[in-house]
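*Asks:* So the chains spell out like this:
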Amino acid sequence: MYSLNKDLSNRIKDVNTDLSNRFNSIFNKDKDRLRNFIQSNVGMILTLEKLTGSELEDIKIRGGLVGVDGSNNRMGGSYPHYIEAFQAMAKSTIRMNEPIFVSRVYTPLLDERIQNNLDTDEEIPEENKDSILAGLEVEAAIEAVKRLNPHIVLMDGGLIRYNIYAAEKWQELMLLCIEKDILLAGVIKDIKTSIIGDELKRSFKDINGILYDRELLYGLLNYGEYIPIGEDVNKKERKGYTSAFIRSSLLPMVIGLDILNEQGQYLEYISRLVLSLTPENSRGVPLWLDIVDKEVKISDDMLKALLERYLDRGIYQRFFVSERDKRS
Amino acid sequence: MKVVGITTQQEFFIGSKDRNFRINEFLIIQDPFQGDLLGEVVEAKTFNRYIPLNIYGDFVDNAVLESLKALGYDVDEDTIYICKVRLINEALYPVETGSDARLPKFEEVKDFMVRTYPEEGFVLGVIRNTDDMAFEMDEELKGILHTFEDGVLKEQRELPYIMDVKSMHHYPHIGIFGGSGSGKSFGLRVLLEEVMLKDIPTIVLDPHFEMDFSTIQSHFEDRKEIFKQKFKCLQVGSHVGVKFEDLRSGDLKNLLDAASPLTDAMNNVVDIIFRKKESYTSFSNRLKMLSEAQEAGSSGEIENRIRNAKNDDEKRAWEERRNMYQTYDKTCPYSSVRGVLWRLNRLYNEGIFSKDSREIESSLLDSKLVVIQGSTRILQVYSTYLLNTLYHRRRDYKDALYKQLPAEFFPPFLVVTDEAHNFAPKGYDSPSKSIIKEIAQEGRKYGVFLTLATQRPTLLDETVTAQLNTKFIFRTVRASDIDTIKEETDITFEEAKRLPYLRTGDVFISSAVVGRTIFARIRAAYSTSPHTLNPFDELWNKSKEDDDRYYDIIMKKLPISEVDMLNVIQEIEKEEGITLTLGRLEDKLQSLAKKQYIKKEETFLGYRYIKV
Ligand SMILES: Nc1ncnc2c1ncn2[C@@H]1O[C@H](COP(=O)(O)OP(=O)(O)O)[C@@H](O)[C@H]1O
Ligand SMILES: [Mg+2]
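Read top to bottom, the protein sequences are chains A and B.
Numbered per this note's numbering, the first sequence spans residues 1 to 328.
Numbered per this note's numbering, the second sequence spans residues 1 to 612.
Hints are computed from structural coordinates only; laboratory data are not their basis.
Just so we're clear, the structure is a prediction, and the values are computed from it rather than from any experiment.
Hints may contain errors.
Claimed, not checked - Lysine-lysine pairs mimicking DSS-like chemistry, simulated, CA-CA at most 25 Å apart:
1. K69(B) <-> K146(A)
2. K84(B) <-> K304(A)
3. K588(B) <-> K600(B)
4. K294(A) <-> K2(B)
5. K594(B) <-> K611(B)
6. K189(A) <-> K50(A)
7. K84(B) <-> K50(A)
8. K69(B) <-> K294(A)
9. K297(A) <-> K69(B)
10. K330(B) <-> K368(B)
11. K398(B) <-> K437(B)
12. K297(A) <-> K17(B)
13. K60(A) <-> K69(B)
14. K297(A) <-> K45(B)
15. K304(A) <-> K600(B)
16. K69(B) <-> K189(A)
17. K556(B) <-> K611(B)
18. K232(B) <-> K17(B)
19. K294(A) <-> K574(B)
Stated by the list, open to error - Each pair of labels, with its calculated beta carbon distance range:
20. D76(B) <-> R11(A): 30 to 36 Å
21. R19(B) <-> K180(A): 35 to 41 Å
22. D300(A) <-> D111(B): 55 to 61 Å
23. M44(A) <-> E77(B): 39 to 45 Å
24. D76(B) <-> D181(A): 48 to 54 Å
25. S203(A) <-> D76(B): 51 to 57 Å
26. K239(A) <-> D76(B): 39 to 45 Å
Glycine residues also receive a C-beta, built at the ideal position from the N, C-alpha and C atoms.
Start from the sequences and build out the full structure, keeping to the hints where you can.
*Replies:* So this is what it looks like as structure tokens:
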């Protein structure tokens, strides 16, 4: 048993009260009102059919589906004595196509920018990590597009991220896909947008604070329903993408989907594919992305085994074993 | 195939994408630092990380799998195969993870698998899961046996399991364990066939009346003559027994005790009254006279009877009783005398004293296999005497040789018994136990070997069990027996776990010679058990036989009318020597009519039976 701190539990109860007040005050638990608002201000709520057998077969014939995901893990102590491994993978549903891996290893100890500037105790920005990972994922995707010529490329996560962290390569990938008629899409498990909330705020001036789409859409759509988001409401920085929310499993949460504007007419098609590949009792992510995620993941054990095997013992101990590790 | 995960010097895992491992199969691990290492698969598993599809706690429905399949991806193909391997010899360092593994060539495992050639060993079966290397083996090892699997006779595909006969000199005793129906008796049969082919003198105690080798599987018809000459089935009482005159007082006491336990006082009675070389009649008469005298009550009363005797014979008889009484009454209490007499009678009625054991001895001298049949109880009694006699003859011969004295040759021999826990039970004494124990402990010196089969190893005397050097362990379900087996053999934890699931005829052979356990299947026997007939078939065949017999007799008499019946009965009695009652003849006629062999028809004189 944990010893319960009464004060802590009370504070958690307060959070609960505050959050539920916030929602109840806005919608009075009236699902239909919100659905109507969305239909007239954000996008139609439509029902998706799963792809038929022959439509799926058709995808295979046209080169199959490639899922792309990345993973990173680090080992060691605090800055700069750690080592971080990154890898991205593009895996095709056509089994004879070998998965494509690209990887990188980073340690601040060998980062010239830092080494040249030794007196700053500043850790390199988080951004660096994001750009390494995003860059690797796009590289893997480009490689897959070039080598495997798939019909569809499904990225794990929203597409904006690549504009931000791997702009140049991303541009290359987009052009390649458009040129080769390869559909490029991203599936977002954790939607962080506030598109509906922003519309609400525009209409109801008394609402304040940010209202996230995941909160609003929770339980609002039925299984198999989706909302293609109107171009005008898709935010400025999302320019270039056509997006949708999809209730793709029996659980009440909703996922997001981005595709290129140039391929906007395939939004429903890709949404149907997502629905077809998502287990009913899952949290809404297409199984293919889960499979890729599982395979690309760099686990603690794996990283440790790799370091122990390929670093000299002295080097490993001197640079990367933290006090905490030694104790355990 | 590669070594994966954490390894030790003894054990590790090997994974493969396309080869499903089989338990007890051998693999060579190519360790880059330690060279080739030989290991055995002790556990085999398949694994699919997507099936049951539970990724991050999500359950995957079939529709999604089908969709993925349509997209070209069949998750079934993600199955990987993993096995746990144990090295035959411990390595110096933990095996290098990532080392390649491969199947061994026959030459590389030959020493572990085939220690001897068919001419010098018992060809008992095949070593399971060795088909991959069997094609490379020496020609002399190929095609030497068949297996019987799922009701079909199969050609040999695997390495043979050949038990080295000569090593029995060092490791003489064999145990055969397994639950009922696990294949013990069948295994024993195969072993005995090999024993016969090698001309080893053997005594088999057969409480189930099943060790007969005269019926040969049709496929092996050519072996028929071989076995016919090499074994003899003898029943205690009908064919063999004890020659009373040959008994020593110790033997007699053993026999009586086996009939029913003797008290000290009864032992004493035998010591006092029994005379060497005495006949059964004489010994039993003297006991009777003594007991009758004791019944009379006193010397005075006996004198009385002598005086009042009606004739000389009676007088003489009572005089003899008086002498007995005077010599023995003090030392031999009446109840003990009665006790001995009762036991003696019991043995006599079982026919034990009506025959002798010459035939057994001469058959052993002819290197034959002698099967001795009788109920468990009779065998307990008889084997006590027989084994003592035979063992001591062999021992005396060897001892005399050693002392360079002249001696009559007596051959080394094998003693085989099923239900061994009845002959050497744990926890209490039984007459046969002491001789079996003696052979277990000392037999090696004299060339007397035991093969003991039992379905209850837990009930077998532990000193005896400890002396069994080679153990055949068939399917065993009972937990207490599995525990005993774990204690008494070197089978591994993983093997013990498999015991309840072994198929009939599959067996772990744990042998002191090999120093490890071999997983084998007993070969198809050449001969068949006389009990292979299903008991129901047997019943029906019997009644069919009966029908046929009566059919012939009755056909000759048809038509038979109601009023003729008595005449027909008399005629049958006269001609065939069979007496039928009216009712029984009616029954027969009705049953034949029912089976439509004959027909019943009504006439104005009542009914009658006619030909169809
Ligand atoms: N190695 C074997 N190959 C084929 N059949 C077998 C084998 N061993 C046993 N059987 C069959 O299985 C049944 C039971 O075998 P049995 O030897 O009588 O068992 P147990 O003596 O252990 O009770 C018999 O019908 C026998 O023919
Ligand atoms: Mg049996």
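*Asks:* Please go over all the hints and tell whether each is borne out by the structure.
*Replies:* Status of the hints after comparison with the structure:
no., hint, verdict
1, K69(B) <-> K146(A), "holds, 24 Å"
2, K84(B) <-> K304(A), "holds, 23 Å"
3, K588(B) <-> K600(B), "holds, 12 Å"
4, K294(A) <-> K2(B), "holds, 21 Å"
5, K594(B) <-> K611(B), "holds, 13 Å"
6, K189(A) <-> K50(A), "holds, 19 Å"
7, K84(B) <-> K50(A), "violated, 43 Å"
8, K69(B) <-> K294(A), "holds, 19 Å"
9, K297(A) <-> K69(B), "holds, 23 Å"
10, K330(B) <-> K368(B), "violated, 50 Å"
11, K398(B) <-> K437(B), "holds, 19 Å"
12, K297(A) <-> K17(B), "holds, 20 Å"
13, K60(A) <-> K69(B), "holds, 9 Å"
14, K297(A) <-> K45(B), "holds, 24 Å"
15, K304(A) <-> K600(B), "violated, 95 Å"
16, K69(B) <-> K189(A), "holds, 24 Å"
17, K556(B) <-> K611(B), "holds, 10 Å"
18, K232(B) <-> K17(B), "violated, 56 Å"
19, K294(A) <-> K574(B), "violated, 94 Å"
20, D76(B) <-> R11(A): 30 to 36 Å, "violated, 51 Å"
21, R19(B) <-> K180(A): 35 to 41 Å, "holds, 39 Å"
22, D300(A) <-> D111(B): 55 to 61 Å, "violated, 44 Å"
23, M44(A) <-> E77(B): 39 to 45 Å, "holds, 41 Å"
24, D76(B) <-> D181(A): 48 to 54 Å, "violated, 32 Å"
25, S203(A) <-> D76(B): 51 to 57 Å, "holds, 52 Å"
26, K239(A) <-> D76(B): 39 to 45 Å, "holds, 44 Å"
Of the numbered hints stated above, those contradicted by the structure are hints 7, 10, 15, 18, 19, 20, 22 and 24, listed in ascending order.
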